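Undergrad: Listed below, chain by chain, are the residues.
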Amino acid sequence: MNLIEMEQIYKIYHEGLENEVRALNGIDLSIGRGEFVAIIGASGSGKSTLMNVLGCLDLPSRGTYHLNGKLASSMTDDELSHIRNVEIGFIFQGYNLIPALDALENVELPLIYQGIGAEQRARTAREALERVGLGERVHNYPSQMSGGQQQRVAIARAISTGAPILMADEPTGALDSKTGEQVLDTLHQLHREQGTTILLITHDNKVAAAAERVIRIADGRIVVDCPREEIAL
Amino acid sequence: MNLKQSFRMAFKSIRSNRVRSLLTMLGIIIGVAAVIIMVSVVRGSNRHIKEYYERMGNNRITVSAEQWGGMDISQSLYDYCLSLGPLVYGVTPDITTEGPIIYRDKSTGDMENGSPSIKLGSVQYSLCNNFQIARGRDLCQMDIQSSQQVIILGARTAQYLFNYQNPVGKTVLLRGHPFEVVGVYQAKDPDSEYSMDNMAVVPYTLNRLLNRRDTVDSFTVRASSSETTAEVSSRVSGFLKGQIDTERGYFSVYSENQDMKASDDQNRMMSMVLGGIASISLLVGGIGIMNIMLVTVTERTREIGIRKAIGAKRKSILAQFLIEASVVCGVGGLLGIAIGVAGTLVAGQLILRAVVLPDLPMSAGAFLFSVAMGVGFGIYPAAKASKLQPVVALRAD
Ligand SMILES: Nc1ncnc2c1ncn2[C@@H]1O[C@H](COP(=O)(O)OP(=O)(O)OP(=O)(O)O)[C@@H](O)[C@H]1O
Ligand SMILES: [Mg+2]
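Order-wise, the sequence lines are chains Z and C.
Take the working numbering: the last position of the first sequence gets the number 233, and nothing is skipped along the way.
Take the working numbering: the last position of the second sequence gets the number 397, and nothing is skipped along the way.
FYI, nobody ran anything at the bench for these hints, they're computed from the structure.
Treat the hints with care, since some could be wrong.
Said to hold, decoys possible - Partial list, derived from the structure: chain Z residues whose beta carbon lies under 10 Å from chain C:
1) Arg84
2) Leu109
3) Ala158
All values reported here derive from a predicted model rather than from experimental measurement.
Built from N, CA and C at the ideal position, the CB exists for glycine as well.
Work out the full structure: start from the sequences and follow the hints.
TA: Here you go:
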């Protein structure tokens, strides 16, 4: 079985009401270990919704979703927390760092929830920050860092647990093109060196062009799904 | 996630939100301190009044009885009280006469805060009125039987007349008659100017000499305890009814415990009113806490979302908020107790001129109430937030 297996996934808001929205409308998708997938589509097409379901941040209205062989679509809240903690690293468009904690403490958080002891935690978190080039900034608070630096802290947090999957929803959306490129380079490097599976939402064609596989969403359905070479962006 | 880390996280969060933590604490501090101070001071004043009555000699029953043209009932009343055995502590004639007492060039008539009350009593006078001998000796049976002109001085009177000299053995003049000072009582109420220590006692058998009367018509009976006071009162009443023909005489039996009870009731009322006001202030403080806690959690829904997104389970979130709330409220409560204790001591000095200590169970109650309030209102919204889907919580801002 593939790392990710989705069958007939629906996400329907206000179901049965007149303002019903089919954000996901029958998605079948499988993604293998070590792939680098870009998800593209118009605004409102359902990219974030798909990512949230893939990332176990949200449950589908219908359908089955297996992540790493486990049936994620019918897990309890705490089981989903566990999956997110050990299997997935998230990178959000808005960074989502905790402002009261400094860079190191933010990166340590997922390790705390894994129950890792203080010493090892600090070491691992520091290594992750060094990998994203923030070895000098470990005690800066989010408010004391640029957007690019904050996003790199978020990446360090996502990779600190050694999760096999990284999911990023428009990680460069709030960054200028140069810092955006640095962030993407980091992702590519992780993919190359660690074999991390990467799912990336973007509406930047250049970004998508760097992926191995591109999936295009429209109105909650997958309309294109092909290796990069074949796609006419 | 273990407990130590939860505590670390909680402290971290408290420190990084100093103002909010302080505001939460403030409500608790004020509420707890107010309750402690108000209730303690009222309780202290109650105790103060009770102690005053006790020093004066509590459980006293004042008996007046006279049979016109008849015989003196003091012997039969004495015998009757004796027959009551352990119910009665003592009985004495208790007649008042006029001063002044003069020693050399000093007269009690010149005393600034009023002249002493001069009593005629028996050997049990001191027993019935809770006096103790400091110097010399008390009245003895011989003094009574042979109408000796001896006098025991209260501490204040002795101090006025003799300053720091030893009065024992000196002779004073009471309304022109020479009296030998044989003893001095200990001060019962050294703080007060209008003191129960401004007094003197002489044998009641001098009634004829000082008051030109043969019969004794007033007595003090002291019951053995507050429980027996009522019973002794009614028995003595019954006895006097049999002794005195009310057409040709009268009697009355009166116990100061009645006064004490009235003032007790009054104090209990005041205690309740002030306690009520304090409780309202605690409640208002509690509502303040609740408000801040609700705001805190709403403000931090996003944080809860982030924590959940990266793997926090519900109980980790709950533990964090529970510990945060308990630490903030606990510290606030302890500060409240500290301020309450200090405030009680200060208020006790200012209002009652006495060391008043706060009531322990009540302090503990106020503390627990405010902590429960903070924790309850901190935990409830946190529990709600911890159940949100991370996507929903992340959308909040
Ligand atoms: N909580 C919600 N309630 C109702 N409708 C929602 C909700 N969340 C998303 N939608 C709707 O679902 C559809 C898909 O939204 P989604 O956020 O997945 O789009 P997107 O492809 O990520 O768009 P963008 O590129 O602008 O981020 C949209 O029509 C949106 O309005
Ligand atoms: Mg989106």
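Undergrad: All the hints need checking, so say for each whether the structure fits it.
TA: Taking the hints in turn, this is what the structure says about them:
1. The interface hint given for Arg84 (chain Z) is met, as the beta carbon of that residue sits about 5 Å from the closest beta carbon of chain C, less than 10 Å.
2. With 10 Å as the threshold, the beta carbon of Leu109 (chain Z) comes within range of chain C, its nearest partner Cβ sitting at about 6 Å, so the hint holds.
3. Hint on Ala158 (chain Z) holds. Least Cβ distance to chain C is approximately 8 Å, under the 10 Å limit.
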